[in-house]
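Work out the full structure: start from the sequences and follow the hints.
Okay, here's what each chain looks like letter by letter:
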Amino acid sequence: MTRVITMYSERVMDHFTNPRNMGEIPDADGIGEVGNPACGDIMRITLRIEENRIVDAKFKTFGCAAAIASSSMATELIRGKTLDEAWAVTNRAVAEALEGLPPQKVHCSVLAEEGIHKAIDDYRTRHGMPAKSGE
Amino acid sequence: MTRVITMYSERVMDHFTNPRNMGEIPDADGIGEVGNPACGDIMRITLRIEENRIVDAKFKTFGCAAAIASSSMATELIRGKTLDEAWAVTNRAVAEALEGLPPQKVHCSVLAEEGIHKAIDDYRTRHGMPAKSGE
Amino acid sequence: MADGRSRSVYMDHAATTPTRPEVVEAMLPCFSERFGNPSSIYALAREAQVTMEKARGRVAEAIGARPENIFFTSGGTEADNWAIKGVAAANRKRGDHIVTSSIEHHAVLHPCQALEKQGYRVTYLPVDGYGLIDPAAVEEAITDKTILVSVMAANNEIGTIQPVAAIAKVAHDHGVPFHTDAVQAIGAVPIDVDAMGIDLLSLSAHKFYGPKGTGALYIRRGTRIGTFMDGGAQERGRRAGTENVPGIVGLGKAIELATADIEGRNRRIVEMRDRLIRGILETIPDTRLNGHPVERLANNVNVAFRYVEGESILLMLDALGIAASTGSACTSASLEPSHVLTACGLPHEEAHGSLRLTLGHRNTDDDVDYVLSVLPRVIERLRKMSPLTPG
Amino acid sequence: MADGRSRSVYMDHAATTPTRPEVVEAMLPCFSERFGNPSSIYALAREAQVTMEKARGRVAEAIGARPENIFFTSGGTEADNWAIKGVAAANRKRGDHIVTSSIEHHAVLHPCQALEKQGYRVTYLPVDGYGLIDPAAVEEAITDKTILVSVMAANNEIGTIQPVAAIAKVAHDHGVPFHTDAVQAIGAVPIDVDAMGIDLLSLSAHKFYGPKGTGALYIRRGTRIGTFMDGGAQERGRRAGTENVPGIVGLGKAIELATADIEGRNRRIVEMRDRLIRGILETIPDTRLNGHPVERLANNVNVAFRYVEGESILLMLDALGIAASTGSACTSASLEPSHVLTACGLPHEEAHGSLRLTLGHRNTDDDVDYVLSVLPRVIERLRKMSPLTPG
Ligand SMILES: Cc1ncc(COP(=O)(O)O)c(C=O)c1O
Ligand SMILES: Cc1ncc(COP(=O)(O)O)c(C=O)c1O
Numbered sequence: 004m005t006r007v008i009t010m011y012s013e014r015v016m017d018h019f020t021n022p023r024n025m026g027e028i029p030d031a032d033g034i035g036e037v038g039n040p041a042c043g044d045i046m047r048i049t050l051r052i053e054e055n056r057i058v059d060a061k062f063k064t065f066g067c068a069a070a071i072a073s074s075s076m077a078t079e080l081i082r083g084k085t086l087d088e089a090w091a092v093t094n095r096a097v098a099e100a101l102e103g104l105p106p107q108k109v110h111c112s113v114l115a116e117e118g119i120h121k122a123i124d125d126y127r128t129r130h131g132m133p134a135k136s137g138e
Numbered sequence: 004m005t006r007v008i009t010m011y012s013e014r015v016m017d018h019f020t021n022p023r024n025m026g027e028i029p030d031a032d033g034i035g036e037v038g039n040p041a042c043g044d045i046m047r048i049t050l051r052i053e054e055n056r057i058v059d060a061k062f063k064t065f066g067c068a069a070a071i072a073s074s075s076m077a078t079e080l081i082r083g084k085t086l087d088e089a090w091a092v093t094n095r096a097v098a099e100a101l102e103g104l105p106p107q108k109v110h111c112s113v114l115a116e117e118g119i120h121k122a123i124d125d126y127r128t129r130h131g132m133p134a135k136s137g138e
Numbered sequence: 453m454a455d456g457r458s459r460s461v462y463m464d465h466a467a468t469t470p471t472r473p474e475v476v477e478a479m480l481p482c483f484s485e486r487f488g489n490p491s492s493i494y495a496l497a498r499e500a501q502v503t504m505e506k507a508r509g510r511v512a513e514a515i516g517a518r519p520e521n522i523f524f525t526s527g528g529t530e531a532d533n534w535a536i537k538g539v540a541a542a543n544r545k546r547g548d549h550i551v552t553s554s555i556e557h558h559a560v561l562h563p564c565q566a567l568e569k570q571g572y573r574v575t576y577l578p579v580d581g582y583g584l585i586d587p588a589a590v591e592e593a594i595t596d597k598t599i600l601v602s603v604m605a606a607n608n609e610i611g612t613i614q615p616v617a618a619i620a621k622v623a624h625d626h627g628v629p630f631h632t633d634a635v636q637a638i639g640a641v642p643i644d645v646d647a648m649g650i651d652l653l654s655l656s657a658h659k660f661y662g663p664k665g666t667g668a669l670y671i672r673r674g675t676r677i678g679t680f681m682d683g684g685a686q687e688r689g690r691r692a693g694t695e696n697v698p699g700i701v702g703l704g705k706a707i708e709l710a711t712a713d714i715e716g717r718n719r720r721i722v723e724m725r726d727r728l729i730r731g732i733l734e735t736i737p738d739t740r741l742n743g744h745p746v747e748r749l750a751n752n753v754n755v756a757f758r759y760v761e762g763e764s765i766l767l768m769l770d771a772l773g774i775a776a777s778t779g780s781a782c783t784s785a786s787l788e789p790s791h792v793l794t795a796c797g798l799p800h801e802e803a804h805g806s807l808r809l810t811l812g813h814r815n816t817d818d819d820v821d822y823v824l825s826v827l828p829r830v831i832e833r834l835r836k837m838s839p840l841t842p843g
Numbered sequence: 453m454a455d456g457r458s459r460s461v462y463m464d465h466a467a468t469t470p471t472r473p474e475v476v477e478a479m480l481p482c483f484s485e486r487f488g489n490p491s492s493i494y495a496l497a498r499e500a501q502v503t504m505e506k507a508r509g510r511v512a513e514a515i516g517a518r519p520e521n522i523f524f525t526s527g528g529t530e531a532d533n534w535a536i537k538g539v540a541a542a543n544r545k546r547g548d549h550i551v552t553s554s555i556e557h558h559a560v561l562h563p564c565q566a567l568e569k570q571g572y573r574v575t576y577l578p579v580d581g582y583g584l585i586d587p588a589a590v591e592e593a594i595t596d597k598t599i600l601v602s603v604m605a606a607n608n609e610i611g612t613i614q615p616v617a618a619i620a621k622v623a624h625d626h627g628v629p630f631h632t633d634a635v636q637a638i639g640a641v642p643i644d645v646d647a648m649g650i651d652l653l654s655l656s657a658h659k660f661y662g663p664k665g666t667g668a669l670y671i672r673r674g675t676r677i678g679t680f681m682d683g684g685a686q687e688r689g690r691r692a693g694t695e696n697v698p699g700i701v702g703l704g705k706a707i708e709l710a711t712a713d714i715e716g717r718n719r720r721i722v723e724m725r726d727r728l729i730r731g732i733l734e735t736i737p738d739t740r741l742n743g744h745p746v747e748r749l750a751n752n753v754n755v756a757f758r759y760v761e762g763e764s765i766l767l768m769l770d771a772l773g774i775a776a777s778t779g780s781a782c783t784s785a786s787l788e789p790s791h792v793l794t795a796c797g798l799p800h801e802e803a804h805g806s807l808r809l810t811l812g813h814r815n816t817d818d819d820v821d822y823v824l825s826v827l828p829r830v831i832e833r834l835r836k837m838s839p840l841t842p843g
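Residue numbers (our numbering), protein chains in the order written: chain A, 4 to 138; chain B, 4 to 138; chain C, 453 to 843; chain D, 453 to 843.
Derived by calculation from the structure, the hints in this document are not laboratory data. Some hints could be false.
Mimicking DSBU-like on lysine-lysine, the simulated pairs with C-alpha atoms at most 35 Å apart in a straight line are [claimed, not checked]:
{"#": "1", "chain 1": "C", "residue 1": "LYS506", "chain 2": "C", "residue 2": "LYS621"}
{"#": "2", "chain 1": "D", "residue 1": "LYS836", "chain 2": "B", "residue 2": "LYS135"}
{"#": "3", "chain 1": "D", "residue 1": "LYS836", "chain 2": "C", "residue 2": "LYS569"}
{"#": "4", "chain 1": "D", "residue 1": "LYS569", "chain 2": "C", "residue 2": "LYS597"}
{"#": "5", "chain 1": "C", "residue 1": "LYS545", "chain 2": "D", "residue 2": "LYS836"}
A few chain C residues that don't get close to chain A, going by computed Cβ distances all over 10 Å [stated by the list, open to error]:
{"#": "6", "residue": "MET504"}
{"#": "7", "residue": "PRO519"}
{"#": "8", "residue": "THR739"}
Glycine included, each C-beta is placed from N, C-alpha and C at the ideal position.
Here it is in structure tokens:
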């Protein structure tokens with residue numbers, strides 16, 4: 004197990020030490036909180052959405068380096084994207100953008116994908132659209 | 004086990020490297036052969052006996068250093084002794100004279116005692132006396 | 453955040469310690485010169501054997517035992533496995549129940565779990581908020597099927613020192629042998645196997661400035677225990693395998709140095725420990741000390757920071773040149789929160805947010821100052837990132 | 453007899469070898485500088501981990517395996533115990549029968565005997581006069597309850613090299629995994645686990661100029677085997693215990709050196725071996741070679757001298773500065789004659805009178821001359837003392 008965790012990619016370490024988009028958007032248009040303190044990971048994604056497009060995305064994360072880097076990378080990936088494009092950003096895309104994650108940390112990128120989905124669905128339901136997760 | 008065998012006393016090493024009374028008395032008055040090649044020890048004690056006294060004693064031994072040293076020491080101990088005195092030389096006396104033997108080598112001194120007894124009994128039976136071992 | 457790599461502060465001595473130069477020096481001749489196999493009978497081997505027996509004497513002396521009751525192993529894990537599985541196998545006809553604690557090292561817990569799969573029953577005793585085991589609970593747990601009580605002398609994560617003598621007494625009152633994992637205690641707590649009633653004791657050299665891969669199991673004469681490693685007649689037929697002579701010599705040297713004047717040697721470390729604890733609790737809010745405030749290893753600091761996660765703390769400290777741990781080294785990659793901290797009653801997220809700093813003899817007051825100067829910033833930074841942080 | 457202590461000839465390389473200076477040098481930084489615990493996550497630990505993984509790669513390469521299938525142990529004995537007991541435990545539901553040979557090292561035989569006490573059945577195959585195992589006999593011994601075939605690659609006493617690939621094939625034809633104790637074979641015989649069909653392989657560093665107390669078990673992916681040492685998550689959760697990093701690094705270096713150009717490196721040794729054998733057989737009457745004349749380890753000489761006993765030969769040779777053995781080092785203090793020699797059909801007294809000389813890279817032609825010059829005198833002297841010597 005330990006073999007790999009000590010071998011975070013440089014990209015993970017970069018996003019961990021210099022996280023992009025850290026913080027919380029006041030009066031956000033969409034909010035997604037996922038994870039569970041018992042598991043040691045909680046992510047809170049906040050979005051500013053204008054004309055169906057994510058114009059700003061921020062995160063707050065309680066978790067390991069992989070969780071922080073995944074949040075940071077995920078918010079980077081969805082900024083400027085339409086909601087449909089952002090929805091299509093998979094955990095694999097996040098992990099690949101980070102030059103890979105150790106096997107036991109892949110769930111962090113899954114959490115990031117879930118956080119984005121939850122924030123978009125929050126926006127959708129607030130605007131009378133059905134949640135896509137339920138589809 | 005090995006702990007001890009490599010720690011033969013100096014006296015054992017002395018009697019092993021410079022064995023006393025090695026050889027075979029021709030036309031001996033008493034001969035005792037004990038041991039078993041399967042166990043790795045055979046001792047052959049030959050005695051020259053004059054007026055109930057051991058005037059010469061020699062040994063031949065197939066066996067380990069302890070067996071050779073025990074034979075050497077045993078023959079030393081009985082030379083000049085009366086047959087009764089020689090009979091009373093115990094394996095403990097042999098081992099003590101050797102400054103001790105490792106536990107798993109004590110049987111070598113027992114063999115030496117047995118060899119002396121057998122050689123004396125050989126003399127006794129040849130001279131019409133009952134064997135003492137049977138007593 | 454500034455890269456502190458120029459600075460290097462090692463505060464993970466509970467995970468492992470650097471081997472002392474004197475120890476390495478003692479080991480060196482055993483590699484290429486006095487290299488004989490102690491089981492052989494010629495002079496070269498005899499030499500190896502003599503040095504090995506000298507080391508055995510030193511280990512024995514350090515714990516008040518006789519040399520013939522010390523058996524060298526490949527480390528603490530092997531000693532624990534041997535003690536637990538060896539006693540279980542040799543006493544199967546007598547009983548099938550083991551009493552241990554819920555905060556043991558995995559080297560004790562996992563052998564116990566392996567035995568459970570074979571049909572043995574194991575009681576894992578709870579601990580109080582400080583990580584202490586109650587001897588009365590041991591008493592209650594013992595049945596007429598109990599064949600072993602195993603409680604560690606000091607915990608590797610929180611540093612809590614157990615009332616070993618009292619627990620041993622309870623075990624003996626019921627005719628049950630007592631094993632203690634003293635891997636963290638050697639060099640930190642005076643140990644006397646007779647005075648404390650210890651029948652089996654595990655130790656590991658690399659925890660007290662000796663080499664990795666060498667340890668020992670003390671077995672009181674008469675204790676019913678099977679073999680664990682079968683093969684050649686080494687260690688009086690009780691632990692097979694060509695002896696790691698350099699390692700054993702290193703163990704002997706290290707334990708001699710570590711157990712001479714324990715209190716005196718640790719005085720400075722205790723001072724640093726207390727300054728670290730005080731400094732952290734005073735400068736960082738929402739923080740608490742894990743483990744016992746007094747019955748505590750001289751070198752152990754373990755604090756829970758609310759709202760942040762341990763691995764992140766470690767990696768940020770690492771970037772600043774500080775080596776620390778979140779729990780036992782073996783589990784620092786695990787997703788599970790520490791079983792020790794949860795047994796002490798910490799909620800999961802605080803267990804996840806705990807930091808262990810364990811001091812050593814190379815540490816200086818400057819090191820303490822440095823940690824105290826950067827740690828608040830690290831915690832603050834992570835808390836700013838955390839959705840759990842209030843306000 | 454002249455004291456030859458001024459002269460020193462080590463010819464017991466099957467018992468153990470001196471650690472090569474290059475190997476010690478590679479190990480040194482791991483003690484006090486790069487001393488981190490590989491399970492931790494900071495830079496210091498990462499360094500230790502990287503060196504350790506490099507060593508794993510070297511071991512893998514030496515036997516044609518993948519690094520992830522190499523598991524470090526505390527030596528050959530642990531690897532053998534793990535292989536035998538681990539496979540037995542994991543396959544209990546499938547079967548209860550093991551096939552091995554009567555000339556295995558005690559590190560295989562004794563675990564098998566321990567299993568017999570637990571109700572497993574073991575077939576100990578006989579050998580021919582040269583110590584060879586017949587693959588057809590393996591075939592006959594296998595039943596539908598057989599869960600393991602374990603046959604050593606080369607024997608430590610008589611040096612006979614077994615037809616491992618043929619035996620492995622038989623095992624596989626019946627769906628049975630194959631283990632080989634290659635402790636004596638590494639560096640002497642080219643090994644390729646895939647080409648030879650080996651599922652489990654034991655090796656030990658101190659037999660090929662590496663440090664004592666480090667070895668490895670190769671486990672082919674998919675082989676059903678339990679853990680032996682339970683505890684922390686080291687070695688991908690399959691072998692607990694803080695890794696002996698210096699030892700592992702030493703193992704890696706040693707195996708790299710030992711397995712590069714095996715034939716070339718051993719050419720000189722084979723020459724010395726053959727000169728010794730010829731010299732002894734020609735100058736000393738009533739003497740015979742034990743083991744196979746051709747399928748024989750490059751460095752092994754084993755001869756039986758009638759009428760004399762082995763320990764006496766050893767001690768006299770020791771007085772002359774020559775270190776040798778009567779059998780495996782572990783049993784050289786035993787009263788029993790060597791189980792290997794008796795399995796080869798030697799009568800007990802000849803088994804008792806056997807001498808093993810095993811050559812190494814430090815030996816010279818002068819050493820061979822010296823042994824050939826003094827050995828006849830030693831044997832003659834002991835034969836004069838022996839009541840078995842005719843005439
Ligand atoms: C309390 C305790 N027991 C056992 C062990 C295992 O010892 P080793 O690493 O020598 O196998 C450790 C350390 O890892 C420990 O801290
Ligand atoms: C064939 C064989 N197997 C196993 C072993 C045991 O290896 P170790 O001494 O490393 O435990 C040895 C050597 O003692 C050996 O020669």
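Review point. Does the alpha-carbon distance linking LYS545(C) and LYS836(D) stay inside the 35 Å limit?
Key: Distance of about 55 Å is beyond 35 Å: violated.
Check your understanding: Does the structure keep LYS836(D) and LYS569(C) at a Cα separation of 35 Å or less?
Key -> violated, 62 Å
Review point. Do the alpha carbons of LYS836(D) and LYS135(B) lie within 35 Å of each other, as the hint requires?
Key: This hinted pair holds, its Cα atoms lying about 31 Å apart.
Exercise for review: Could you let me know if the closest chain A CB is still more than 10 Å away from the CB of PRO519(C)?
Suggested key: holds, 37 Å
Point to revise | Status of MET504(C), Cβ more than 10 Å from any chain A Cβ | key: holds, 33 Å
Review point. Given the hinted pair LYS569(D) and LYS597(C), is their alpha-carbon gap at most 35 Å?
Key: Since the Cα atoms of LYS569(D) and LYS597(C) sit roughly 22 Å apart, the hinted pair holds (cutoff 35 Å).
**Study point:** Assertion that THR739(C) lies farther than 10 Å from chain A (Cβ)
**Key:** holds, 16 Å
Review point. Given the proposed pairing of LYS506(C) with LYS621(C), does the C-alpha separation stay at or below 35 Å?
Key: holds, 32 Å
Of the numbered hints listed earlier, those contradicted by the structure are 3, 5.
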